[in-house]
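Participant: Protein chains in written order, with our numbering: chain Y, 3 to 295; chain V, 2 to 586.
Errors might be hidden in some of the hints.
What the hints assert, rightly or not - Take a look, some chain V residues computed to stay more than 12 Å from chain Y by CB distance: (1) 109; (2) 114; (3) 178; (4) 214; (5) 231; (6) 288; (7) 336; (8) 372; (9) 405; (10) 435; (11) 454; (12) 518; (13) 572.
Said to hold, decoys possible - 16 Å max Cα-Cα, derived EDC-like pairs, lysine to aspartate or glutamate: (14) V:351 x V:391; (15) V:520 x V:502; (16) V:267 x V:56; (17) Y:181 x V:388; (18) Y:181 x V:423; (19) V:116 x V:102.
As the list claims (entries may be wrong) - Derived DEER-like restraints, expressed as beta-carbon distance ranges: (20) Y:273 x V:58: 54 to 62 Å; (21) V:287 x Y:196: 41 to 49 Å; (22) V:356 x Y:195: 33 to 41 Å; (23) Y:211 x V:94: 35 to 43 Å; (24) V:510 x Y:211: 33 to 41 Å; (25) Y:194 x V:58: 54 to 62 Å; (26) Y:211 x V:268: 48 to 56 Å; (27) V:521 x Y:127: 52 to 60 Å; (28) V:334 x Y:139: 50 to 58 Å; (29) Y:127 x V:554: 39 to 47 Å; (30) V:472 x Y:195: 20 to 28 Å; (31) Y:195 x V:400: 25 to 33 Å.
Hints in this document: simulated from the structure, not taken from any laboratory. Idealized CB from N, CA, C, for every residue including glycine.
If you want the building blocks of each chain, they are given just below.
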Amino acid sequence: MNVQTLRALCKASWHYRVSPSVLLLAAYVLLALAAPLIAPQNPYDPLQIQAWEASSPPGTMSGAGYLYLLGTDGLGRDIVSTVLYGLRLSLLVALVSTAAAAFIGLTLGVSAAYFGTWVDALIMRIVDLQLSLPTILVALIAIVTLGPGVDRIILAIVIVQWAGYARLARGVALSEIGKPYMDAARLLRLPTGRIVLRHLLPNSIAPAVTLIPIELGHAIALEATLSFLGLGVPIDKPSLGSTVANGFQYLLTGQYWISLFPGLALFGLIAAINFVGEDIRRRLNPRSLSHDA
Amino acid sequence: MTHDSIEEPHHETIGEPLLTVSNLTIRHRGAGRGDGADAGSGAGATNSATTILHDVSLDLHRGEVLGLIGESGAGKSTLGNAVLGLLTSDFERTAGTIVFDGRPLEGMGPREWAKLRGRRIAAIFQDHTASLDPLMAIGRQVEEAVLANNEEPLRREARAVALDLLARVGISDAAGRYDHYPHQFSGGQRQRIVIAIALAGAPDMIVADEPTSALDATVQKQILTLLRDLVDDTGVAVVLVTHDMGVVAEVTDRVVVLRHGRIVEKGITGKLLDAPERSYTRSLLAAVPRLKLAGPDRGTDREGSDEETLDDDGASPSPAPQAPPILCASNVTKVFTGGSFGWFAGRNRKPALDGVSIDLAPGAITGIVGESGSGKSTIGRIIAGLETADAGALAIEAKPFDIRRPGRRSGLIGKVQMIFQDPAVSLNPCLTVGETLKEAVRFGNRPMDDITSAIGGMLDRLRLPHTLLPRYPHQLSGGQKQRICIARALLAGPRLLVADEPTSALDVSVQAEIVALLKETIAEQGISMLFISHDLALVQALCSSIYIFKDGRVEDAGPSGFIFGHSPNPYTRSLIDARPRRFVH
Chain Y
3 MNVQTLRALC KASWHYRVSP SVLLLAAYVL LALAAPLIAP QNPYDPLQIQ AWEASSPPGT
63 MSGAGYLYLL GTDGLGRDIV STVLYGLRLS LLVALVSTAA AAFIGLTLGV SAAYFGTWVD
123 ALIMRIVDLQ LSLPTILVAL IAIVTLGPGV DRIILAIVIV QWAGYARLAR GVALSEIGKP
183 YMDAARLLRL PTGRIVLRHL LPNSIAPAVT LIPIELGHAI ALEATLSFLG LGVPIDKPSL
243 GSTVANGFQY LLTGQYWISL FPGLALFGLI AAINFVGEDI RRRLNPRSLS HDA
Chain V
2 MTHDSIEEPH HETIGEPLLT VSNLTIRHRG AGRGDGADAG SGAGATNSAT TILHDVSLDL
62 HRGEVLGLIG ESGAGKSTLG NAVLGLLTSD FERTAGTIVF DGRPLEGMGP REWAKLRGRR
122 IAAIFQDHTA SLDPLMAIGR QVEEAVLANN EEPLRREARA VALDLLARVG ISDAAGRYDH
182 YPHQFSGGQR QRIVIAIALA GAPDMIVADE PTSALDATVQ KQILTLLRDL VDDTGVAVVL
242 VTHDMGVVAE VTDRVVVLRH GRIVEKGITG KLLDAPERSY TRSLLAAVPR LKLAGPDRGT
302 DREGSDEETL DDDGASPSPA PQAPPILCAS NVTKVFTGGS FGWFAGRNRK PALDGVSIDL
362 APGAITGIVG ESGSGKSTIG RIIAGLETAD AGALAIEAKP FDIRRPGRRS GLIGKVQMIF
422 QDPAVSLNPC LTVGETLKEA VRFGNRPMDD ITSAIGGMLD RLRLPHTLLP RYPHQLSGGQ
482 KQRICIARAL LAGPRLLVAD EPTSALDVSV QAEIVALLKE TIAEQGISML FISHDLALVQ
542 ALCSSIYIFK DGRVEDAGPS GFIFGHSPNP YTRSLIDARP RRFVH
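Bound-form chain Y, shown alone (with noise of 0.2 Å):
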């Protein structure tokens, strides 16, 4: 299982056949890396921010020289630029978080299945009294215990995500540990440690990598919704979800650009990444690859 589903991830990165998703997907990690190259104003810094020319409608001309493509929101913020910069922070805490849930859970989970007893009993139950709490919840709390900050926001997710991630290890590790070649391990007398990561953590992971795409695209929607909420990044530094938050008491007032074109960005990332990891779970199982063949 754990080979052939490395050999199938080799595979399917030599001929992956391009589709939309992907070029859509590309496209957003190249704006989001370019973004202090193309963006046309710093949103971040208070001296590029004209006050007088806020909730300019799409296509005003600015003061400064360029045009305002998308408008700006209520404190004289390019959407564009905005909405760029906030695709940086979005990336990055989503992907931030996702690896660190995922090496937190997957640790966690192989360590209760491999050591047993109460150490499994006492991870397993929390993990049962997490992900029988709403994500959205849990995340809440973290937030209103933690205060607010980037930081902080990847912790909450991290806190939301890793349980998933370890119940699916442990399941895993569970039937590997029952193989012959971990009792071969045991009986060379192997440093514990070297067991659990060496022999034990490998050959368990291999399930959660498709795990990791999904929750990914999750992660940004729960950014996205936190910052949304005002429980997010620093109202000085917006990322997607809270630049749709700002535009939401214009809307009534007609001014609708600054909550459309963000909240069309997230949505296209998230779509974009839920399709590609869609598409990267259906390849890796074995199982699934005759219906789509």
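Model the placement of chain V on the given structure of chain Y, informed by the hints.
Facilitator: Chain V only, in chain Y's frame:
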């Protein structure tokens, strides 16, 4: 019964053959190397990576059992599936025809196949558990097959027909067990039910793909006898796909030997086994371990006194009584506590081991023989420290270990190394061969300064090329993997080795090689070994003294000569009798 009269085959070619396969060539279309799932099966093929069958021709008459024998990758199952019309779209017939009862099977649509399969051609597969629906009473399953495969639906009579079928395949009290579920039957009974379902449509031909490979020897014998009787009674024709020469010798009329998708040799079973023409057939035959019965039951008078002492207690004297045993286990008892649900716990708790005592002589190979569920693997794992026991004492080289505590605590783990049954899962798939072996040397019992030369020497001794070191396990053949497992166990420098069915997952020709290699290396290094197997002949070839396990107890024990010569134990005799006559001398 045991079919000794096969030398005069009763196929005086009664008219047309029922099935004719001519010049069949089948290719596998998987782009290059196939995609992941098939990589395992492709590994065995050497030059013909895509062509599975080359120009295969054979025919089958009514009332005849045709054996298709070959090692893994020979294409025998592909041939069986082609006859059943079960090949996936990855397979492509490039030449040849299959004609069943005067009708070509190529180009038939799914509807036509549905009419043919079940009614005229039935199938029996190896895995009896997967062949039955676990959520449906077995009577209903047979009934369903009866209704599906008969022209006029005879709802009223279906039950009677099903009962009749179940009785015919030897399910005792078929009416009483009609509403039982598959898990309530033993493996042999389940396979009987599968056969009943296959017979439901009164087929002309049954394709049986390794029907007895998952069964114990004594049960295997019963199932083969049943198949043979059915063939003789009903005149159904059987294509028996197998890797086991014993099965071929037991029931088939004619046999086709396949290798790499080509027919090596075909002919009447008796003739072919007596005088094989091709060297490959000869080597296949030579690789089958043969049981040698030293002077049958008559030689008892000389050793009569010996017998009495042995019969009292299961424990046997070691062949070299002067040397103290390297391992001494006494009264080992183990009860598995699983599925403890309230008051259900404690009921039906059959001990896996019940007061087992064994001694292992130093520098010798001791065998444990038993069928599945006899506790033979459990005692091996307890000795290695991988499993705890509930009671009993264990001493290795006179040093006692507390086997009720986990091996890591009692210090037992690491004293003994093990070789496992399935080499495919015995090596960490994420580590290269070199990394695996290096680890064994570094953490083994005798630290060596020069790790590389120690590994090199071991590879040479096991006749493995050094080029394997940077490879991953999935790039090796089954035999190579098992030799790497042996190397890993030996490099750790144990005094005692436990080999749990080390050859059961390997092809016959590879089996013989591994056994010879194991015997040689053990002797060279002066290591003692406990060899656990279900195969009497293999144990006889290797072991100086033998324990026979049954239901968690030592049923019979003694030196090899005694067990096979004149042990009076009825269970031992029944095990010996289950061997195909041809491979007993």
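Participant: Each of the hints needs a verdict: does it hold here or not?
Facilitator: Here is what the structure says about each hint:
1. 109: With a cut-off of 12 Å, residue 109 (chain V) remains clear of chain Y, as the shortest Cβ separation is near 22 Å.
2. 114: Check passes; 19 Å lies beyond 12 Å.
3. 178: Holds: least Cβ distance 32 Å, greater than 12 Å.
4. 214: Per Cβ check, residue 214 (chain V) is outside 12 Å of chain Y; nearest 20 Å; holds.
5. 231: Holds, because the least Cβ-Cβ distance between residue 231 (chain V) and chain Y comes to about 36 Å, which exceeds 12 Å.
6. 288: Nearest chain Y Cβ is 25 Å from residue 288 (chain V), so the label holds.
7. 336: At about 19 Å from chain Y, residue 336 (chain V) clears the 12 Å cut-off, so the statement holds.
8. 372: 21 Å, holds
9. 405: Holds: least Cβ distance 17 Å, greater than 12 Å.
10. 435: Given that every Cβ of chain Y is farther than 12 Å from that of residue 435 (chain V), nearest at about 14 Å, it holds.
11. 454: Check passes; 20 Å lies beyond 12 Å.
12. 518: Non-interface label on residue 518 (chain V) holds, nearest chain Y Cβ at 19 Å vs cutoff 12 Å.
13. 572: Non-interface label on residue 572 (chain V) holds, nearest chain Y Cβ at 29 Å vs cutoff 12 Å.
14. V:351 x V:391: 13 Å, holds
15. V:520 x V:502: 14 Å, holds
16. V:267 x V:56: 14 Å, holds
17. Y:181 x V:388: Satisfied, since the Cα-Cα distance of roughly 14 Å is no more than 16 Å.
18. Y:181 x V:423: The hint holds at about 10 Å.
19. V:116 x V:102: 14 Å, holds
20. Y:273 x V:58: 54 to 62 Å: Since residue 273 (chain Y) and residue 58 (chain V) have Cβ atoms about 57 Å apart, the given range 54 to 62 Å holds.
21. V:287 x Y:196: 41 to 49 Å: 44 Å, holds
22. V:356 x Y:195: 33 to 41 Å: 39 Å, holds
23. Y:211 x V:94: 35 to 43 Å: The hinted range 35 to 43 Å holds for residue 211 (chain Y) and residue 94 (chain V), with Cβ atoms some 38 Å apart.
24. V:510 x Y:211: 33 to 41 Å: Between residue 510 (chain V) and residue 211 (chain Y), where Cβ atoms are some 39 Å apart, the hint holds.
25. Y:194 x V:58: 54 to 62 Å: Since residue 194 (chain Y) and residue 58 (chain V) have Cβ atoms about 60 Å apart, the given range 54 to 62 Å holds.
26. Y:211 x V:268: 48 to 56 Å: 53 Å, holds
27. V:521 x Y:127: 52 to 60 Å: For residue 521 (chain V) and residue 127 (chain Y) the Cβ distance comes to about 53 Å; the hint holds.
28. V:334 x Y:139: 50 to 58 Å: 52 Å, holds
29. Y:127 x V:554: 39 to 47 Å: Since the Cβ atoms of residue 127 (chain Y) and residue 554 (chain V) sit about 41 Å apart, the hinted range of 39 to 47 Å holds.
30. V:472 x Y:195: 20 to 28 Å: 26 Å Cβ-Cβ, so the 20 to 28 Å window holds.
31. Y:195 x V:400: 25 to 33 Å: Given a distance of about 28 Å, which is inside 25 to 33 Å, the answer is holds.
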